[in-house]
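Asks: Given the structure of chain D, go ahead and fit chains C, H and W onto it with the hints provided.
Protein chains: 4
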Amino acid sequence: MSKPAKELVNELIVANHILFDQKIVDAFGHISVRHDKDPNRYLMSRHLAPGLVTADDIVTFDLESVPHPDIGKRYYSERFLHGEIYKVRPDVVSVIHCHAPPLLPFGVTKAQLQPIYHMSAFLGTGVPTFEIREKGGMTNMLIRTPELGKALAEKLADKNVIMMRGHGATMVGPSIKAAVYRAIYSVQNAQIQLEAMRLGEVTYLAPEEAELYEKYSGEVMARPWALWEAEIKEQR
Amino acid sequence: MSKPAKELVNELIVANHILFDQKIVDAFGHISVRHDKDPNRYLMSRHLAPGLVTADDIVTFDLESVPHPDIGKRYYSERFLHGEIYKVRPDVVSVIHCHAPPLLPFGVTKAQLQPIYHMSAFLGTGVPTFEIREKGGMTNMLIRTPELGKALAEKLADKNVIMMRGHGATMVGPSIKAAVYRAIYSVQNAQIQLEAMRLGEVTYLAPEEAELYEKYSGEVMARPWALWEAEIKEQR
Amino acid sequence: MSKPAKELVNELIVANHILFDQKIVDAFGHISVRHDKDPNRYLMSRHLAPGLVTADDIVTFDLESVPHPDIGKRYYSERFLHGEIYKVRPDVVSVIHCHAPPLLPFGVTKAQLQPIYHMSAFLGTGVPTFEIREKGGMTNMLIRTPELGKALAEKLADKNVIMMRGHGATMVGPSIKAAVYRAIYSVQNAQIQLEAMRLGEVTYLAPEEAELYEKYSGEVMARPWALWEAEIKEQR
Amino acid sequence: MSKPAKELVNELIVANHILFDQKIVDAFGHISVRHDKDPNRYLMSRHLAPGLVTADDIVTFDLESVPHPDIGKRYYSERFLHGEIYKVRPDVVSVIHCHAPPLLPFGVTKAQLQPIYHMSAFLGTGVPTFEIREKGGMTNMLIRTPELGKALAEKLADKNVIMMRGHGATMVGPSIKAAVYRAIYSVQNAQIQLEAMRLGEVTYLAPEEAELYEKYSGEVMARPWALWEAEIKEQR
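Residue numbers (this note's numbering), protein chains in the order written: chain D, 1 to 236; chain C, 1 to 236; chain H, 1 to 236; chain W, 1 to 236.
Honestly, the hints are just simulated from the structure, not real lab data.
Misleading hints may appear alongside valid ones.
[Said to hold, decoys possible] Calculated pairs, DMTMM-like style, for lysine to aspartate or glutamate (alpha carbon to alpha carbon, straight line, at most 20 Å):
#1 Lys23(W) x Glu234(W)
#2 Lys233(D) x Glu7(C)
#3 Lys73(C) x Glu219(H)
#4 Lys233(C) x Asp21(D)
#5 Lys159(H) x Glu234(H)
#6 Lys215(D) x Asp91(D)
#7 Lys110(D) x Glu201(C)
#8 Lys23(W) x Glu231(D)
#9 Lys23(W) x Glu154(W)
#10 Lys233(H) x Glu231(W)
#11 Lys87(W) x Asp21(W)
#12 Lys155(W) x Glu134(W)
#13 Lys233(D) x Glu214(D)
#14 Lys135(C) x Glu208(H)
#15 Lys135(W) x Glu64(D)
#16 Lys73(W) x Glu208(D)
#17 Lys110(D) x Glu201(D)
#18 Lys135(W) x Glu154(W)
#19 Lys155(D) x Glu64(D)
#20 Lys23(H) x Glu64(W)
#21 Lys6(W) x Asp36(W)
#22 Lys87(H) x Asp21(H)
#23 Lys3(W) x Glu64(W)
#24 Lys233(H) x Glu234(C)
#25 Lys23(W) x Glu234(D)
#26 Lys73(D) x Glu219(C)
#27 Lys23(D) x Glu219(C)
#28 Lys233(C) x Glu219(H)
#29 Lys150(H) x Asp62(H)
#30 Lys6(H) x Asp38(H)
#31 Lys135(D) x Asp21(C)
#32 Lys159(D) x Glu131(D)
Just chain D, with the same shape it has in the complex (with noise of 0.2 Å):
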């Protein structure tokens, strides 16, 4: 089995850090990415918060979740998730699961995320939300198993971020720092809709304009990322 790239291990590990200075993830949540030489594998830290997260803490994944090798500590109990996006959407490369307060209110009502302004144009092709009563009825509302991850998966379909009722949410990527760039604008997009949401109708971005500005996005991927990381070595 080849090794992933040192370059991608450290952006993971970089990504990480950035989530909990962001305050996207506290000690709970993760991110994970998808080997660079094995597309059936994903990198992700062993159960430990993210902020605290070395290289020794990266391990390899196969994509029923299991660890290879297995290095005898603890996992996160909802790798599930990650495991089966991978499976069913080869699009995706990052994958990040959090609890950011400000989502929150979006999956335990009818309220939906919707883009209001260009910085979260990802969002224009919809936000579903994950009921994981309708799969696995009274449930401690973690995704613990394959099929709870399975069916998260199908309802995400070929979305990039989906709401999950009284947990949290969990967007996608075609690169660490797309992930993160969503999992960031995603929070900032939820403060912005929830204020403007209380001075009566809101024009959110048209699909047009969303897909748009999208397809353009990738351009300016690698400007927040410098500036995020030269915030986190900030604190160092």
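Replies: Below, chains C, H and W alone, put in the same frame as chain D:
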């Protein structure tokens, strides 16, 4: 009289600093822990802002909230709420009292704090509100007597969290880590719930969902604590 | 003319820094203290952001708000509000003027700031609103003359806090520590009240509850000050 | 071609860092200043997060937003909004474009940003909203052509601040300090107004009050700048 374990005293000091760092307490509020060698005693700081507590400030109290020994300093005037809860709740190992702003609205209106996500499943058994006027009539709002402490403990009954009208909240747990976790996620839940309630009807965790997560939650208590402890160390 | 005690000047400087650190003032706003040797004089910084004040910036003013000596620098244009309050309120030892955002809504709407918890019991005697148009007609909103200062002092009457429409707020106290405490907990109260009012009817402290806590509050004034002072020292 | 004064370049760099530190811009947004030797040129950073800008990144553009010299780097795609405003507004010396979250609700609803206190008296002449669809139909929302820049400048007319639907805001001033001041207090005003509007009818500054303060405001522009500059230096 046996001395408490050094580890327990240290954990109590760390908890004081975490509660301040996480904005659960400001200069006011306090945390206690039951003595590990004597269930009829508890440990708590003398009258001091939690963020400034050191080992020299930890005092042992009996369940009448009398210090042993009296170190000749001033003590928290509301220590009776700790003593009276320990008397009637043998399962409780740690008690926190705070005035965290997001919790206050739930004590002065008819709105009920309810579990909006798995992280605050401990709210699923209900959150009573203590109205000091019922027992004390017109007071200065403080739990400054054993009688008022007893009335609060009675209202708390077998719950984990209680709101105090025009004052703050009190939370209990089977360990320092659990009590701190409950304080932090009560506040998080309050912030999310305040936003969600404005969007229309809210789906809270079903009692069964809350119960299922609560059974599991002990397994993840060490993860946030490691992060919170790292955060206070960074600041020193 | 006797010099003020060094301790008083130092406390005034610390208060300036605390007010900035606690976000009560930004570059604007000011705090003064009555001269300890001459009740007809008061001390305040020259025209400067409170967060930058040092001992060299403290100036002595008479109650007409004329500097003695004039150090040849610019002074706060609104110093008259300080002088005029000291004239008619012999009980007042310190005056703070600020534009803290959470207070502003209570000066431009019919909503009244009311004590939502014991920490802000000092609001229990009422919070009047100063409408500058009543005395000054169309102005630039500033209290730039003795006449406007006098009108503000009259509206304040025997209260502790006053809102100023389209401008900010002013609070007074029997010591620097008390005035700073009132500024900080007025803002805290405003934040909590803004949230609580959206949940339906709010139970505020009864006048008697507020009065009972106010009698007691002097006993706990040193505790938050010790923390706030420690926090500004950490930053240096 | 004459070089710009070193002091001006330095002030522009400081302004970039202040705007980031005060959360007016994140990785996106930009500030420009008219060339002090040539009114038909302006200075702005190359494509970079404002918080990371250094002297080497400052580029000179003509009013067609063509760089002189072209340093072979990427430039902000929206630089045309700067050039087109300088063309028609000889009074404008500095232009800021940002996506500050509190401003966004005022661009996507019928709510109008209005001066809630003297600090934002510059809003008193009105805040128009730019609807890009009027000129551009379905776009990616960006001001990426001289035509769109011209349309924005026309909508801005003689005002100080303009909202951009689904995008952000732009503010102008007679100096860098004034433009930065307007950006910061536009955001502050938005935050306060969002809260005040929920409490019922709001009394905004009368046009005459706003005008009277605006005449005076130049006198206090140096005070906040000194503080903001001190704050960014502390972080280094």
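Asks: So, for every hint listed, does it hold in this structure?
Replies: Status of each hint after checking the structure:
1. With a CA separation close to 16 Å, the supplied pair lysine 23(W) and glutamate 234(W) stays within the 20 Å bound.
2. A distance of roughly 33 Å separates the Cα atoms of lysine 233(D) and glutamate 7(C); the hinted pair therefore is violated under the 20 Å criterion.
3. In summary, the hint linking lysine 73(C) to glutamate 219(H) is supported, as the alpha carbons are separated by about 14 Å, within the 20 Å threshold.
4. Proximity of lysine 233(C) to aspartate 21(D) is assessed by CA-CA distance (about 16 Å); at most 20 Å being required, the pair is judged to hold.
5. Of the pairs offered as hints, the one joining lysine 159(H) and glutamate 234(H) is violated, with about 35 Å between alpha carbons and a cut-off of 20 Å exceeded.
6. A threshold of 20 Å between alpha carbons decides the hint, and for lysine 215(D) with aspartate 91(D) the separation of about 15 Å falls inside it, so the pair holds.
7. Only pairs whose Cα atoms come within 20 Å are accepted, and lysine 110(D) paired with glutamate 201(C) is accepted, the gap being roughly 8 Å.
8. With a C-alpha separation of about 14 Å, the suggested pairing of lysine 23(W) with glutamate 231(D) holds against the 20 Å cut-off.
9. A distance of roughly 28 Å separates the Cα atoms of lysine 23(W) and glutamate 154(W); the hinted pair therefore is violated under the 20 Å criterion.
10. For the proposed pair lysine 233(H) and glutamate 231(W), the alpha carbon gap of about 16 Å is at most 20 Å, so the pair holds.
11. At most 20 Å may separate the alpha-carbon atoms for a hinted pair to count; lysine 87(W) and aspartate 21(W) exceed this at roughly 30 Å.
12. For the proposed pair lysine 155(W) and glutamate 134(W), the alpha carbon gap of about 11 Å is at most 20 Å, so the pair holds.
13. In summary, the hint linking lysine 233(D) to glutamate 214(D) is not supported, as the alpha carbons are separated by about 29 Å, beyond the 20 Å threshold.
14. In summary, the hint linking lysine 135(C) to glutamate 208(H) is supported, as the alpha carbons are separated by about 16 Å, within the 20 Å threshold.
15. A hinted pair counts as satisfied when its Cα atoms are at most 20 Å apart, and lysine 135(W) with glutamate 64(D) does not qualify at roughly 52 Å.
16. At most 20 Å may separate the alpha-carbon atoms for a hinted pair to count; lysine 73(W) and glutamate 208(D) exceed this at roughly 30 Å.
17. The straight-line distance between the Cα atoms of lysine 110(D) and glutamate 201(D) is roughly 16 Å, inside the 20 Å bound, and the hint therefore holds.
18. In summary, the hint linking lysine 135(W) to glutamate 154(W) is supported, as the alpha carbons are separated by about 11 Å, within the 20 Å threshold.
19. Between lysine 155(D) and glutamate 64(D) the CA atoms are separated by roughly 19 Å; this keeps the pair inside 20 Å, and the hint holds.
20. For the proposed pair lysine 23(H) and glutamate 64(W), the alpha carbon gap of about 42 Å is over 20 Å, so the pair is violated.
21. With a C-alpha separation of about 10 Å, the suggested pair lysine 6(W) and aspartate 36(W) falls inside the 20 Å cut-off, and the hint holds.
22. Restraint check: the Cα-Cα separation between lysine 87(H) and aspartate 21(H) comes to about 30 Å, which exceeds 20 Å; the hinted pair is violated.
23. Proposed proximity of lysine 3(W) and glutamate 64(W) is supported: the alpha carbons are some 19 Å apart, at most 20 Å.
24. For the hint linking lysine 233(H) to glutamate 234(C), the alpha-carbon distance of about 17 Å falls within 20 Å, and the restraint holds.
25. Taking the CA atoms of lysine 23(W) and glutamate 234(D), the gap is near 17 Å; set against the 20 Å cutoff, the hint holds.
26. Using a Cα cut-off of 20 Å, the hinted pair lysine 73(D) and glutamate 219(C) holds, with the two alpha carbons roughly 14 Å apart.
27. About 23 Å separates the Cα atoms of lysine 23(D) and glutamate 219(C), which puts this hinted pair outside 20 Å; it is violated.
28. A C-alpha spacing of about 32 Å is found between lysine 233(C) and glutamate 219(H), which places the hinted pair above 20 Å, so the restraint is violated.
29. Between lysine 150(H) and aspartate 62(H) the CA atoms are separated by roughly 15 Å; this keeps the pair inside 20 Å, and the hint holds.
30. For the suggested pair lysine 6(H) and aspartate 38(H), the alpha carbons sit about 15 Å apart, so the restraint of at most 20 Å is met.
31. For the hint linking lysine 135(D) to aspartate 21(C), the alpha-carbon distance of about 40 Å lies beyond 20 Å, and the restraint is violated.
32. This hinted pair checks out: lysine 159(D) and glutamate 131(D) have alpha carbons roughly 16 Å apart, not beyond 20 Å.
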